[in-house]
Amino acid sequence: MISEIYDVIVVGAGHAGSEAAAAAANLGSKTLLITMNMQTIGQMSCNPAMGGIAKGQIVREIDAMGGYSGIIADKSAIQFKMLNLSKGPAMWSPRTQNDRMLFAEEWRYALENTKNLDFFQDMVKSLIIENHKVVGVITSLGIKIKAKSVVLTNGTFLNGLIHVGDKQLGGGRMGEPKAFGITEQLVSLGFESGRMKTGTPPRVDGRSLDYSQMDEQKGDEKPQKFSYSDTPKLTKQLSCHIVYTNETVHDILREGFDRSPMFNGTIQSTGPRYCPSIEDKINRFAERNRHQLFVEPEGWRTVEIYVNGFSSSLPEEIQIKAMKHIPGFQNVKVFRPGYAIEYDYFPPTQLYHTLETKLIQNLYFAGQINGTTGYEEAAGQGLMAGINAHNKVHDKGDFILNRDEAYIGVLIDDLITKGTEEPYRMFTSRAEYRLLLRQDNADIRLTSKAYDLGLADEKRLRNVEEKISKSDELENYLKETSLKPGIINPILQSIESSPVDQAYRASQILTRPNITIEKLEEIDFIREKSQQFSEEVKEQAEINIKYRGYIEKEKENVAKLNRLETIKIPEDFDYSNINSLSSEAKQKLNKVKPHSIAQAGRISGVSPADINVLLIYLGR
Numbered sequence: 124m125i126s127e128i129y130d131v132i133v134v135g136a137g138h139a140g141s142e143a144a145a146a147a148a149n150l151g152s153k154t155l156l157i158t159m160n161m162q163t164i165g166q167m168s169c170n171p172a173m174g175g176i177a178k179g180q181i182v183r184e185i186d187a188m189g190g191y192s193g194i195i196a197d198k199s200a201i202q203f204k205m206l207n208l209s210k211g212p213a214m215w216s217p218r219t220q221n222d223r224m225l226f227a228e229e230w231r232y233a234l235e236n237t238k239n240l241d242f243f244q245d246m247v248k249s250l251i252i253e254n255h256k257v258v259g260v261i262t263s264l265g266i267k268i269k270a271k272s273v274v275l276t277n278g279t280f281l282n283g284l285i286h287v288g289d290k291q292l293g294g295g296r297m298g299e300p301k302a303f304g305i306t307e308q309l310v311s312l313g314f315e316s317g318r319m320k321t322g323t324p325p326r327v328d329g330r331s332l333d334y335s336q337m338d339e340q341k342g343d344e345k346p347q348k349f350s351y352s353d354t355p356k357l358t359k360q361l362s363c364h365i366v367y368t369n370e371t372v373h374d375i376l377r378e379g380f381d382r383s384p385m386f387n388g389t390i391q392s393t394g395p396r397y398c399p400s401i402e403d404k405i406n407r408f409a410e411r412n413r414h415q416l417f418v419e420p421e422g423w424r425t426v427e428i429y430v431n432g433f434s435s436s437l438p439e440e441i442q443i444k445a446m447k448h449i450p451g452f453q454n455v456k457v458f459r460p461g462y463a464i465e466y467d468y469f470p471p472t473q474l475y476h477t478l479e480t481k482l483i484q485n486l487y488f489a490g491q492i493n494g495t496t497g498y499e500e501a502a503g504q505g506l507m508a509g510i511n512a513h514n515k516v517h518d519k520g521d522f523i524l525n526r527d528e529a530y531i532g533v534l535i536d537d538l539i540t541k542g543t544e545e546p547y548r549m550f551t552s553r554a555e556y557r558l559l560l561r562q563d564n565a566d567i568r569l570t571s572k573a574y575d576l577g578l579a580d581e582k583r584l585r586n587v588e589e590k591i592s593k594s595d596e597l598e599n600y601l602k603e604t605s606l607k608p609g610i611i612n613p614i615l616q617s618i619e620s621s622p623v624d625q626a627y628r629a630s631q632i633l634t635r636p637n638i639t640i641e642k643l644e645e646i647d648f649i650r651e652k653s654q655q656f657s658e659e660v661k662e663q664a665e666i667n668i669k670y671r672g673y674i675e676k677e678k679e680n681v682a683k684l685n686r687l688e689t690i691k692i693p694e695d696f697d698y699s700n701i702n703s704l705s706s707e708a709k710q711k712l713n714k715v716k717p718h719s720i721a722q723a724g725r726i727s728g729v730s731p732a733d734i735n736v737l738l739i740y741l742g743r
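Everything in the sequence shown is counted per the working numbering, starting at 124 for the first residue and increasing by one.
Simulated from the structure, these hints should not be mistaken for laboratory data.
Take these hints with a grain of salt, some might be off.
To be verified - List time: in silico PhoX-like cross-link candidates among lysine-lysine, alpha-carbon distance up to 20 Å: (1) 652 to 602; (2) 345 to 356; (3) 210 to 345; (4) 153 to 267; (5) 519 to 481; (6) 602 to 669; (7) 642 to 661; (8) 269 to 153; (9) 691 to 716; (10) 593 to 652; (11) 602 to 642; (12) 691 to 714; (13) 541 to 691.
What the hints assert, rightly or not - Ranges between beta-carbon positions, derived for each pair: (14) 655 to 482: 52 to 58 Å; (15) 482 to 160: 25 to 31 Å; (16) 596 to 298: 51 to 57 Å; (17) 341 to 735: 51 to 57 Å; (18) 678 to 409: 42 to 48 Å; (19) 297 to 334: 23 to 29 Å; (20) 343 to 700: 55 to 61 Å; (21) 331 to 676: 52 to 58 Å; (22) 700 to 297: 50 to 56 Å; (23) 608 to 651: 17 to 23 Å.
Beta carbons: idealized from backbone N, C-alpha and C, even for Gly.
Work the whole structure out from these sequences, hints included.
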């Protein structure tokens with residue numbers, strides 16, 4: 124095995140590495156997944172949950188593309204919630220609470236049952252580079268393994284440093300060693316590296332908590348799921364709980380600030396803005412006298428609890444003392460304190476859209492190494508890196524998702540065009556075409572692409588085609604069905620909507636606020652028809668009817684943008700010679716080397732005037 128030459132070697136078996144290995148192997152590449160510990164494949168290092176705002180859309184996209192994350196999230200779910208249902212469908216985001224151990228077990232089982240995939244347990248300490256091209260890896264045991272391409276998904280392990288108060292331990296996760304050697308080698312080859320920080324909350328004993336003092340958060344009455352395949356729906360669910368900190372908790376935490384590595388200068392690196400530690404929250408938002416905490420079970424059969432919102436790097440005794448003043452936590456027993464972790468990353472402007480590095484051919488970066496945070500962001504990048512590594516060694520074209528096609532496309536374009544100074548996480552607000560990129564239509568957007576690649580089978584494609592034709596059928600029925608005032612007014616009055624004085628099409632009535640297909644099913648003949656369709660089809664038809672005008676408008680905007688996407692810029696284009704460009708634009712453009720005018724326009728520091736100059740130079 125070690126003497127073989129692999130098509131793709133993936134380093135690291137977290138969310139990014141697992142998706143990368145699965146994608147490359149399923150496409151037919153001879154793939155090797157190298158990890159420091161075979162027992163932690165697909166480990167949820169932080170919270171036991173998948174999805175959430177904009178992240179749930181990414182999981183559904185991965186699933187539509189033939190990735191595994193959605194399937195595994197469904198198989199290990201203990202609770203399902205659709206977030207933001209009070210807002211428009213562009214904001215609806217699926218989320219599951221998961222059984223941490225079951226999640227990792229399902230990942231390992233899925234990978235072990237993937238053809239063309241081998242495993243090896245060791246640490247990769249360096250890459251074998253020949254003529255600016257990666258040709259293999261060297262492990263800590265000195266074993267050389269040859270490969271045509273390498274995907275690095277090192278997570279928080281590259282020179283990882285764990286902080287608990289004034290104590291420091293080298294490691295990539297509590298109890299697991301750090302990885303070293305790769306950063307130093309890449310820097311010597313001309314790569315720019317940086318440091319980032321993330322943190323994780325304490326884990327506590329659920330038996331020591333009094334839940335009667337907390338607010339129960341149940342899952343959805345009708346739980347949905349992530350995957351478009353035949354994964355099980357939840358029939359029973361575990362509850363989470365909500366509780367709040369108070370001034371006493373904050374005062375105790377402040378006592379430890381002088382021993383906090385975040386405030387005494389020990390940690391210099393930037394942490395995630397959108398997932399701050401508890402000490403960060405009470406420091407930055409001093410006017411708030413309480414902060415929300417989610418008390419989340421770690422699985423079906425364990426008593427371990429994850430205290431979401433209480434991420435901390437303070438000394439363990441301060442953490443425990445403060446927690447005892449949270450309602451329901453008076454007798455808390457802590458399994459392990461929260462900690463912060465610093466790790467190396469490589470600014471992602473050093474990559475192409477395929478996630479291949481600009482400096483070294485056939486070398487790909489995915490996940491936290493690119494400055495992102497979050498399982499979903501990592502998994503999406505892993506999938507794309509795995510596809511492109513396979514395509515490269517088999518002389519196939521680049522596979523790139525555009526900003527109007529997927530959140531994964533927005534994520535990668537943001538990273539390589541704008542870079543990131545702090546851990547990047549996805550939000551719906553980052554996508555300018557979010558009405559097109561909904562969670563309900565990820566299969567319609569992406570399954571045909573996955574089929575063309577060879578990641579989705581024909582059954583998947585037929586299912587999507589059927590969903591589209593059924594949705595069209597229901598839409599046409601609602602457009603053609605006339606509802607007289609005597610039939611529809613009682614329903615309108617029941618929701619305090621103004622009555623009608625003439626017949627209207629069912630589709631016209633459906634565009635009113637608070638009117639749903641479910642409401643229209645109170646009419647016998649509509650119910651009779653709609654019962655022929657699945658919930659998924661009904662949701663699709665309803666959204667298409669309600670938001671048709673907005674969706675069409677968005678498609679027009681995409682068409683305008685695509686005109687600029689088609690104006691390509693040669694890779695070796697030298698911006699320094701164009702006197703009319705601002706000096707900042709020259710610097711930024713030479714660094715990023717955008718592939719199109721549209722991408723050049725998204726680089727911060729490049730003005731519309733600079734774009735006009737480029738268009739003139741390119742003969743447009």
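Comparing the hints with the structure gives:
no.: 1; hint: 652 to 602; in the structure: holds (13 Å)
no.: 2; hint: 345 to 356; in the structure: holds (9 Å)
no.: 3; hint: 210 to 345; in the structure: holds (18 Å)
no.: 4; hint: 153 to 267; in the structure: holds (17 Å)
no.: 5; hint: 519 to 481; in the structure: holds (18 Å)
no.: 6; hint: 602 to 669; in the structure: holds (12 Å)
no.: 7; hint: 642 to 661; in the structure: holds (12 Å)
no.: 8; hint: 269 to 153; in the structure: holds (12 Å)
no.: 9; hint: 691 to 716; in the structure: holds (11 Å)
no.: 10; hint: 593 to 652; in the structure: holds (12 Å)
no.: 11; hint: 602 to 642; in the structure: holds (16 Å)
no.: 12; hint: 691 to 714; in the structure: holds (17 Å)
no.: 13; hint: 541 to 691; in the structure: holds (19 Å)
no.: 14; hint: 655 to 482: 52 to 58 Å; in the structure: holds (57 Å)
no.: 15; hint: 482 to 160: 25 to 31 Å; in the structure: holds (30 Å)
no.: 16; hint: 596 to 298: 51 to 57 Å; in the structure: holds (56 Å)
no.: 17; hint: 341 to 735: 51 to 57 Å; in the structure: holds (56 Å)
no.: 18; hint: 678 to 409: 42 to 48 Å; in the structure: holds (46 Å)
no.: 19; hint: 297 to 334: 23 to 29 Å; in the structure: holds (26 Å)
no.: 20; hint: 343 to 700: 55 to 61 Å; in the structure: holds (59 Å)
no.: 21; hint: 331 to 676: 52 to 58 Å; in the structure: holds (54 Å)
no.: 22; hint: 700 to 297: 50 to 56 Å; in the structure: holds (53 Å)
no.: 23; hint: 608 to 651: 17 to 23 Å; in the structure: holds (21 Å)
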